[in-house]
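2 protein chains.
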Amino acid sequence: MNDSALTPERILDAAEEVLRRYGLAKATVVDVARFLEVSHGTIYRHFPSKAALRDAVAERWLHRVSTPLAAIAEEQGSAIERLHRWFEQLMTLKRQKVLNEPELFATYSAIAQEARGVVQAHIAELVSQVAAIVESGVSSKEFKVTDPQVAAKAVFQAMVRFHHPAHASEWSDPDIDTDFAQVWRLIVAGLVVGELMV
Amino acid sequence: MNDSALTPERILDAAEEVLRRYGLAKATVVDVARFLEVSHGTIYRHFPSKAALRDAVAERWLHRVSTPLAAIAEEQGSAIERLHRWFEQLMTLKRQKVLNEPELFATYSAIAQEARGVVQAHIAELVSQVAAIVESGVSSKEFKVTDPQVAAKAVFQAMVRFHHPAHASEWSDPDIDTDFAQVWRLIVAGLVVGELMV
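Listed in order, the protein sequences are those of chains A and B.
Each residue of the first sequence is one higher than the last, beginning at 1 in UniProt numbering.
Each residue of the second sequence is one higher than the last, beginning at 1 in UniProt numbering.
Keep in mind the hints are simulated off the structure, nothing from the lab.
Here the structure is a predicted model, which means the values were calculated and not measured.
Please note: incorrect hints may appear among the correct ones.
[What the hints assert, rightly or not] If you only want the chain A side, here are some residues facing chain B, beta carbon under 10 Å, derived:
1. Leu-69
2. Ile-72
3. Met-159
4. Val-160
5. His-167
6. Trp-171
7. Ser-172
Cβ coordinates follow ideal geometry from the N, Cα and C atoms, glycine included.
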C-alpha cells in the first residue's frame, strides 16, 4: 500500500481484522503492518505504541455503542420512554455483538480490561447521556430526583446485569427480557417518586 | 487418621486447606486423602466423585453467606431497615472474603463456575430470603408491590454490582459505599411506590 493513502481509520480496520484472525494474545503491530503491506514503522507514525493502537481500537469499538445511544438521549419526547429505549438499545447492541461474534466480543472485552482509561471515559459518556434524559424528565415533571447526575449513575449501575460484559453469558438466558422488564419497572418507579427519607 | 473418625465435615475442612495451598487446577482428591492420612477410597465412600466433593465444598462456602443472612430475614421490625441491612451484610461478607483471602476467593469463584446447580440453589435461597422481607414489608404497608417474589428477584438483580463475584475488583473502589447507598435509595423508592403504569 502507498503510505500516503494510509489513514488511521484504515489502520484500525486492519487491526480489527488481525484481532479477529489471531486474537489479542497473538496479534502484533507487525501483523497489522503485514496485512496493510506497509512497514511497522509506518504504523508507529500514526500510533506511537502498541498501547496507543490498542486504545484507539477499543475507543472505536465503544463509539459504535455510544453513538446510536447519543441520538436517543438527544431526542425530544417522554423521558421515561426514551430512557427505556436507551437501555433496551444498549442491551441489544451488546447482545448482538456477543451472539454474532462471540470470539471477537471476548477479544474486545480483554482489550477493554487493559484500556482502563478508554473504558472509564466511555462509561462517563454513557452516564452523562442517561443524566441528560433524567434531567429532561425532571423538567417535564416525569421524574422527581434532586441530582440527575447522581440518579443517572445509580440507574446505570442498577442495570449493570444487562450491559456489563461480565454478565454476557447470562444474556442468552430465556428469562433475560422478563428480568430486564422487572428491574426497569422497579427503577423507573424509583425515579418517578424520587428520593425518600427512609 | 482412623477411618471411623472421618466425618464429611473433616473432609471438607481438608479439601478447603488443599484448595488454599494448591488452587483449583492442581488440587486432587488424592491430595485431600494424603492430608487426612487416609486412602482416597475412604474419601470416595463419603463423596462418590470429585464433582460431588467439589459441590459439597461450594455448598458449605455459600452457606457461610446465606446462614447469617437468613437470620436477618427472619427478624421482626421494619422491612426497609432489614432489607437494607441484609444487602449491606451480603456485600460485607463477600468483600471480607475477597480482601482477606483474594486467592481463596478466586478459587471458590472458579469452583462456583463449575458447580452451577449449587450456585443456582444458593441464588434461589437468597432471593427467597429477600422475598420474605419484601412480603413482610407489604404486610406492614411499607412496600406496595403486587408480587413479592418477582420484586425480590428484581431487587437482587439491581444490586448485582454489590454482590456478584464478577464485580469483586470494583469493591475496593473508594466510591463503592456511596454507589451502594445511591442504588439502594433508588430501589427502596421503587418498592415503596410499587409498580407504576408507565
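Chain B contact restraint on Met-159 (chain A) - CB to CB distance below 10 Å: holds, 8 Å
With 10 Å as the cut and Cβ atoms as the points, is His-167 (chain A) at the interface with chain B? Holds: closest Cβ of chain B sits about 7 Å from His-167 (chain A), inside 10 Å.
Answer holds if the nearest beta-carbon of chain B is closer than 10 Å to that of Ser-172 (chain A); otherwise answer violated. At 14 Å from the nearest chain B Cβ, Ser-172 (chain A) fails the 10 Å test, so the hint is violated.
Hint check: 10 Å Cβ-Cβ cutoff, Ile-72 (chain A) to chain B: Result: violated, 17 Å to nearest chain B Cβ.
With a cut-off of 10 Å on the beta carbons, see whether Trp-171 (chain A) makes it to chain B. violated, 13 Å
Please verify that hint: Leu-69 (chain A), Cβ, nearest Cβ of chain B, below 10 Å or not. Since chain B brings no Cβ nearer than about 20 Å to Leu-69 (chain A), farther than 10 Å, the hint is violated.
Does Val-160 (chain A) hold up as a contact with chain B if the rule is Cβ-Cβ below 10 Å? Holds, because the Cβ-Cβ distance from Val-160 (chain A) to chain B comes to roughly 5 Å (cut-off 10 Å).
Checked against the numbered hints above, the structure breaks hints 1, 2, 6 and 7 and satisfies the rest.
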